[in-house]
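Q: Going by this note's numbering, 109 is the number at position 109 of the sequence shown; the sequence numbering is gapless.
Be aware that a few hints might be false.
[Unchecked claim] With a Cα cut of at most 27 Å, we get these calculated DSS-like pairs of lysine-lysine:
id	residue 1	residue 2
1	K45	K62
2	K115	K80
3	K110	K62
4	K62	K80
5	K110	K80
6	K45	K115
7	K108	K80
8	K62	K108
9	K62	K115
[What the hints assert, rightly or not] Pair by pair, the computed Cβ-Cβ distance ranges are:
id	residue 1	residue 2	range
10	F14	D42	36 to 42 Å
11	A65	A105	18 to 24 Å
12	P35	D58	32 to 38 Å
13	L30	L86	32 to 38 Å
14	F14	R36	26 to 32 Å
15	R69	T122	31 to 37 Å
16	K108	R81	18 to 24 Å
17	D75	T28	47 to 53 Å
18	P102	L34	39 to 45 Å
Keep in mind that the hints were calculated from the coordinates and are not lab data.
Model, not experiment: these values are computed from the prediction.
For every residue, glycine included, the Cβ atom is placed at its ideal position computed from N, Cα and C.
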Amino acid sequence: MVKPPVAALRRAGFTLIELLVVLAIVATLLTLTLPRYFHTIDTAKETVLIDNLRTTRDAIDKFYADTGRYPDALDELVQKRYLRSLPVDPVMESSALWNIIPPPADNKGKVYDLKSTAPGRTRDGRALSEL
Numbered sequence: 001m002v003k004p005p006v007a008a009l010r011r012a013g014f015t016l017i018e019l020l021v022v023l024a025i026v027a028t029l030l031t032l033t034l035p036r037y038f039h040t041i042d043t044a045k046e047t048v049l050i051d052n053l054r055t056t057r058d059a060i061d062k063f064y065a066d067t068g069r070y071p072d073a074l075d076e077l078v079q080k081r082y083l084r085s086l087p088v089d090p091v092m093e094s095s096a097l098w099n100i101i102p103p104p105a106d107n108k109g110k111v112y113d114l115k116s117t118a119p120g121r122t123r124d125g126r127a128l129s130e131l
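Construct all of the structure, not just a fragment, from the sequences and the given hints.
A: Structure (structure tokens):
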């Protein structure tokens, strides 16, 4: 068996300096892109929350127009097929943590409106719980 020359063995891999330079470049790119990525995720969650609230409020209004009363629970909107499934609060990542607003005293039912229980604010400074 013939041994390769020593110079060929030294060039077979990367040096520690080369690896450190590559890692420094990757770390720099990550510090530039990760904050934008997380901001984009927060913006998307806010948009989905607003859309889920709009859709559910529309279903509550249609339920009231059809039956003359407000639903007793969000599940009733699903059972009567006004919604396909319970709305999910993407910020809280749950469909059970809604703040249910009851209707005025002279109306039947228990669900007049719903609001998020998520802490924090939107991009324009409004509280997420006030959407």
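Q: Now, for every hint given, state plainly whether the structure supports it.
A: Going down the list of hints, with the structure as the test:
For the hint pairing K45 with K62, the CA-to-CA distance comes to about 26 Å; that is within 27 Å, so the pair holds. Among the hinted pairs, K115 with K80 is consistent with the structure: their alpha-carbon atoms are about 22 Å apart, no more than 27 Å. For the hint linking K110 to K62, the alpha-carbon distance of about 15 Å falls within 27 Å, and the restraint holds. Distance restraint check for K62 and K80: the Cα-Cα separation of roughly 11 Å lies within the 27 Å cut-off, and the hinted pair is therefore satisfied.
With a CA separation close to 16 Å, the supplied pair K110 and K80 stays within the 27 Å bound. Proximity of K45 to K115 is assessed by CA-CA distance (about 15 Å); at most 27 Å being required, the pair is judged to hold. A threshold of 27 Å between alpha carbons decides the hint, and for K108 with K80 the separation of about 17 Å falls inside it, so the pair holds. At most 27 Å may separate the alpha-carbon atoms for a hinted pair to count; K62 and K108 meet this at roughly 15 Å.
Restraint check for K62 and K115: the C-alpha separation of about 18 Å stays at or below 27 Å, so the hint holds. Taking the beta carbon of each, F14 and D42 are about 38 Å apart, inside 36 to 42 Å as hinted. For the pair A65 and A105, the supplied restraint of 18 to 24 Å holds, since their beta-carbon distance comes to about 20 Å. One distance hint, 32 to 38 Å for the beta-carbon pair P35 and D58, holds here, with the actual separation near 35 Å.
Against the hinted window of 32 to 38 Å, the Cβ-Cβ separation of L30 and L86 comes to about 37 Å, which satisfies the hint. Range check, F14 to R36: about 30 Å between beta-carbon atoms, so the 26 to 32 Å window is met. Hint check: R69 to T122, Cβ distance near 32 Å, so the stated range 31 to 37 Å holds. A beta carbon spacing of about 20 Å between K108 and R81 agrees with the range 18 to 24 Å that was offered as a hint.
Distance hint check for D75 and T28: the Cβ-Cβ separation is about 50 Å, which falls inside the suggested range of 47 to 53 Å. At about 43 Å, the CB distance of P102 to L34 agrees with the hint of 39 to 45 Å.
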